[in-house]
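A.B. asks: Spelled out, the chains give:
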Amino acid sequence: MKVAFTTSGQNLDAPMDARFGRATGFLVYDTDSDTFEPVDNQQSVNTAQGAGIQATEAIVRHGANCLVTGHCGPNAFRALSAAGIRIYTTEAATVAEALEAFRAGTLATINSADVEGHWS
Amino acid sequence: MILAVASGKGGTGKTTVSVNLARSTGSAVQLLDCDVEEPNAHLFLCGLKTGSEIVTIPIPEVDESLCDACGECGRFCRYHAIVSFGASPLVFPEMCHGCGGCTLVCPRGAIREIGRRVGVVETQEVDGITLIQGRIDIGVAMAPPLIRAVKSRMNSKGATVILDAPPGTSCPVIATLRGSDYVLLVTEPTPFGLHDLRLAVDMVRELTIPFGVVVNRMGVGDDRVHQFCREQEIPILLEIPDDRRIAEAYSRGELVVDALPEYRSHFATLLWNIRDSRRSQS
Amino acid sequence: MTGMKVQELVIISGKGGTGKTSLTASFAVLAAFPILADCDVDAADLHLILAPTIRERHEFRSGNEAVIRSADCISCEKCFDVCRFGAVVPGGEGEAFAIDPVACEGCGVCVRFCPVAAIDFPESLCGEWLVSETRCGPMVHARLGVAAENSGKLVSTVRSEARRLAEENKHGLVIVDGPPGIGCPVIASLTGTSQALVVTEPTVSGEHDLERVLKLAQHFGIPTSVCVNKWDLNPAMTAQIEALALRSGARIAGRIRYDNGVTAAQMLGKAVVETEAPSAGDIRLVWKSLGL
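Residue numbers (this note's numbering), protein chains in the order written: chain A, 1 to 120; chain B, 1001 to 1282; chain C, 2001 to 2292.
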């Protein structure tokens, strides 16, 4: 399975980014092969509107089944749910810590948006 | 004649000028309050309500029985208002600009359009003035569709139409000014006033509509606005003094020409000046 | 962790011209190490008081605009038929059509349906945003091009850059000079902020517009304070407005008197609290009451 982590960095020691739609990028981790792939999200950061939606499209393109992030806005939540992606939240400082918590099954899932969206 | 009253800076006196000018016009006049986010003209002109209509913009609705999840709609949309993740498309109504594109590109004809409410247009008759105002619903982001709806109710045959514009220089103001015969830019003789007047002048020149300036609160600052208008050969058609009594009448929702009759000639003269200026600029 | 919310104060008004920018400039002086963000991208004035030295300029490109290649146009009118925004200008007898860039909303329908693919669709240069230094701290500001769309997006860019600067430099507070109204640039200024201050005036217009902007802030769940500027112009209306604010769940941050000193300060390029103007004391009390 593929898990997307929101992050500003390129590897497992990178800090987690609390945002999803406006995260600078993602690390998509493949639990079967124990490999990861950085995905740039600059397009969503710069998009005219619908960053959360565009970010969802980006992780879907990379085959993500789950998302681990800090918060999720209402548009992103709708898009992620439609795409069948399970959303986990964390306050972990780095991707490695978040991954460990994910593997241990200690991360909470969310069933609705937990922050207000941003207009764009 | 279709006359628009605008400014770069907010609070310079657009509504004051619009409503007092409407009152001073005497003959058939329509006042269109195009500041649909914060319409204020009705606070100064209260009359008999003659109409109220809900305004909608077209947004897509997908017939799931016809949709085969090809994703063409999502790929086409520039606003992320319709997206498809291999399941039935999701619509985000607040993003939709109503362009109709998704409806046209769907290969299965599975998308039709329904109306999404954005606000209302209300009409009142007040002593020979027809007041038409738009009021956007709270939380709706885009003003231009409602502004266009307000303007569509204009009847300029034989009437003077005054458009009270919102402040600023971006799309709601442009939507208001397009198609006008003349623009009045209201400013104040201060640094903020001059700075924003320059922006408004650039905007009106981009639209190639003849224009003139009204300087409100004369005496509160200095003569920088006058200097600018002289250099740019922009006519100043009216100067309103920085009279605290005007501010107080405004605060109570009273027309200046009613509360302070000595200002009636100011607004009557303004009308003549506009007509003269328009003739000389055409 | 990056992307955590920094404390942010957004100053809005509903009605224009109530004194947002004048107040923001004074708050910039009173705050310790703030980051300033001028989100009134249509008519930005904060720089007239804070005199920024520009360090970075960035182009703001957002959305696209349709441009017809006249040489390839066959005057079939298809673009005119499909355009919902009145942006297609028909040519004369057999002449090429053209797109009015002011009216074009960049939807791409004409581009898709032109039978001879004669319409280009380049990205629009809508304006620019800047990062500057001021005597009060770093400032992010912007200028939207004439008649440009995507003002909400430019506002979001200014805000997120200001927040990024705050995180990087470990500043605790971003102060945002917001736009008037309740439309897309205001929504973009408000969503997800820590608190909002509405500056209003004791007039029927001020009251009417306050009610709408408070509803907007409530819609987004933003803790909101209200301050009546020029309060002594109409004390009865001031009381009425404060009662309205309280009923709507906002708190009262204070009152500022009608004072020619405000314009005098502006003429000198100073914040009111940098002068001896009588209203400076009122402004200090409002700042204090915000607890930032």
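Please keep in mind that the hints were generated in silico from the structure rather than gathered at the bench. Keep in mind the model is a prediction, meaning the values are calculated, not measured. Glycine included, each C-beta is placed from N, C-alpha and C at the ideal position. Please note that the accuracy of each hint is not assured.
[What the hints assert, rightly or not] What follows is a set of in silico ranges between Cβ atoms, one per label pair, in the way DEER data are often shown:
| # | chain 1 | residue 1 | chain 2 | residue 2 | range |
| --- | --- | --- | --- | --- | --- |
| 1 | B | T1269 | C | V2116 | 52 to 58 Å |
| 2 | C | R2135 | B | D1243 | 34 to 40 Å |
| 3 | B | A1159 | C | P2235 | 54 to 60 Å |
| 4 | C | P2235 | B | E1262 | 51 to 57 Å |
[Stated by the list, open to error] Pulled from the structure, derived: some chain A residues nowhere near chain B, Cβ distances all over 10 Å:
| # | residue |
| --- | --- |
| 5 | M1 |
| 6 | D13 |
| 7 | T35 |
| 8 | E57 |
| 9 | G63 |
| 10 | N75 |
| 11 | R78 |
| 12 | R86 |
| 13 | E97 |
| 14 | G105 |
| 15 | S112 |
| 16 | D114 |
[Claimed, not checked] Examples of chain B residues toward chain C, derived with CB under 7 Å:
| # | residue |
| --- | --- |
| 17 | G1010 |
| 18 | E1037 |
| 19 | N1040 |
| 20 | L1043 |
| 21 | L1048 |
| 22 | G1051 |
| 23 | G1071 |
| 24 | G1074 |
| 25 | R1078 |
| 26 | P1093 |
| 27 | T1103 |
| 28 | I1174 |
| 29 | Y1250 |
A.B. asks: Take the shortest C-beta to C-beta distance between L1048 (chain B) and chain C; is it under 7 Å?
C.D. replies: 20 Å, violated
A.B. asks: Please check whether G1051 (chain B) passes as an interface residue: C-beta within 7 Å of a C-beta belonging to chain C.
C.D. replies: This interface hint is violated because 20 Å lies over the 7 Å limit.
A.B. asks: For the hint 51 to 57 Å, verify it against the beta carbon of P2235 (chain C) and that of E1262 (chain B).
C.D. replies: 26 Å, violated
A.B. asks: Next item in the hint list is G1074 (chain B). Is there a CB on chain C closer than 7 Å to its CB?
C.D. replies: 13 Å, violated
A.B. asks: Would the hint on G1010 (chain B) stand, with a C-beta cut-off of 7 Å toward chain C?
C.D. replies: 1 Å, holds
A.B. asks: S112 (chain A) clear of chain B by more than 10 Å, beta carbon to beta carbon?
C.D. replies: Label holds. Min Cβ-Cβ 16 Å, cutoff 10 Å.
A.B. asks: Regarding the assertion that G63 (chain A) does not contact chain B, is the least Cβ-Cβ distance greater than 10 Å?
C.D. replies: Check passes; 12 Å lies beyond 10 Å.
A.B. asks: Let's test the interface hint: is any C-beta of chain C closer than 7 Å to that of I1174 (chain B)?
C.D. replies: Result: holds, 4 Å to nearest chain C Cβ.
A.B. asks: Was R78 (chain A) rightly flagged as not at the interface, with every chain B Cβ beyond 10 Å?
C.D. replies: Contrary to the label, R78 (chain A) does not stay out of reach of chain B, its closest Cβ about 6 Å off (not over 10 Å).
A.B. asks: Minimum Cβ distance from E1037 (chain B) to chain C below 7 Å?
C.D. replies: Where the cut-off is 7 Å and the nearest Cβ of chain C is about 4 Å from E1037 (chain B), the hint holds.
A.B. asks: Are G1071 (chain B) and chain C close enough, Cβ to Cβ, to be under 7 Å, as the hint says?
C.D. replies: At about 15 Å, which exceeds the 7 Å cut-off, the nearest Cβ of chain C leaves the hint on G1071 (chain B) violated.
A.B. asks: Please confirm whether D114 (chain A) is truly not at the interface, meaning its C-beta sits more than 10 Å away from all C-beta atoms of chain B.
C.D. replies: 19 Å, holds
In terms of the numbered hints stated before, the structure departs from hints 3, 4, 8, 10, 11, 21, 22, 23, 24, 26, 27, listed from lowest to highest.
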